[in-house]
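With the hints as your guide, set chain V onto chain E.
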Amino acid sequence: GENVEQHPSTLSVQEGDSAVIKCTYSDSASNYFPWYKQELGKGPQLIIDIRSNVGEKKDQRIAVTLNKTAKHFSLHITETQPEDSAVYFCAAKGGNTPLVFGKGTRLSVIA
Amino acid sequence: NAGVTQTPKFRVLKTGQSMTLLCAQDMNHEYMYWYRQDPGMGLRLIHYSVGEGTTAKGEVPDGYNVSRLKKQNFLLGLESAAPSQTSVYFCASATGGTSYEQYFGPGTRLTVT
Chain E
1 GENVEQHPST LSVQEGDSAV IKCTYSDSAS NYFPWYKQEL GKGPQLIIDI
51 RSNVGEKKDQ RIAVTLNKTA KHFSLHITET QPEDSAVYFC AAKGGNTPLV
101 FGKGTRLSVI A
Chain V
112 NAGVTQTPKF RVLKTGQSMT LLCAQDMNHE YMYWYRQDPG MGLRLIHYSV
162 GEGTTAKGEV PDGYNVSRLK KQNFLLGLES AAPSQTSVYF CASATGGTSY
212 EQYFGPGTRL TVT
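Residue numbers (our numbering), protein chains in the order written: chain E, 1 to 111; chain V, 112 to 224.
Please note: incorrect hints may appear among the correct ones.
With beta-carbon atoms standing in for the labels, derived distance ranges [unchecked claim]:
1) Pro-172(V) to Ser-18(E): 36 to 46 Å
2) Ser-26(E) to Glu-163(V): 27 to 37 Å
3) Glu-83(E) to Lys-120(V): 17 to 27 Å
4) Thr-118(V) to Arg-106(E): 26 to 36 Å
It is worth saying that the hints were derived from the structure and are not from the lab.
We put the CB at the ideal spot given by N, CA and C, even for glycine.
Chain V on its own, in the form it takes in the complex:
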């Protein structure tokens, strides 16, 4: 049981390049989330999904897109990377319903130069 995994672990992009971060969970969770973590800013929600085929905007969605085509996967896309998107990105999943505990992946460190 791997829990929540994220691919890749590290990435360096040039301004304007695009990339996709992959999150996978093997716990059959309904809910999935993408956060970014910046020094002194805590965890800020980018987008989330409450089930396969659904997505919703979080606190800081601009510049990102997401897709949840399969229940176990949640993809985060950067269409045209900017230096302001340099951050550590965390994916999380949760059962949903009355259980609110979120299980986090190990993170992806992204640098945009």
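Chain E extracted, bound-state conformation:
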């Protein structure tokens, strides 16, 4: 089955700097790659996703890139703000199989 590895497990950045979180997946049939943000005491919430026919997608300060050949995808957050502090999860899915999540990255934005 699918296996998703996520790095780093923790990340601290200064406010205004960029943050990058990377994930790799094992199943070449996977074609959907979402990123979820989990704030303290809440359930995860989708912030951006990308499908395998697209190499990059942007939404304001966040972007996701996908390299299907290398089987990795990344989340980029620019101009980080304190409210970006949270746990971020990547995930991968292919066909009729359920989403498989990475282990998460705890991002701290230091003011």
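Just chain V now, kept in the frame of chain E:
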């Protein structure tokens, strides 16, 4: 529109006791999921359902049972709780089809002593 709700929010059980966690969604979603979240382990899928009356096993199904008698509800049962089942449990729902976005509930924190 409440989205996905979970009952209860907190629970403490003794080893061997049983309980049922209730998940309800008011978005008419076909798909529903139960996950557990443990420190450093991410979100692991316990069971899921692709429609009323259907259930399927996820990555970590042992020790849990589920039922989806009504489209809007997905129940997770622990027949004989063990300390290893201490975790935060999240329910999620999704439209299905080509829309894969999952909407998560607020979670249930379960402690088994």
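Verification of the hints:
1. Pro-172(V) to Ser-18(E): 36 to 46 Å: For Pro-172(V) and Ser-18(E) the Cβ distance comes to about 40 Å; the hint holds.
2. Ser-26(E) to Glu-163(V): 27 to 37 Å: Holds: the Cβ-Cβ distance is about 33 Å, inside 27 to 37 Å.
3. Glu-83(E) to Lys-120(V): 17 to 27 Å: 24 Å, holds
4. Thr-118(V) to Arg-106(E): 26 to 36 Å: Because 28 Å falls inside the window, the suggested range holds.
This entry satisfies every hint, going by the numbered hints stated previously.
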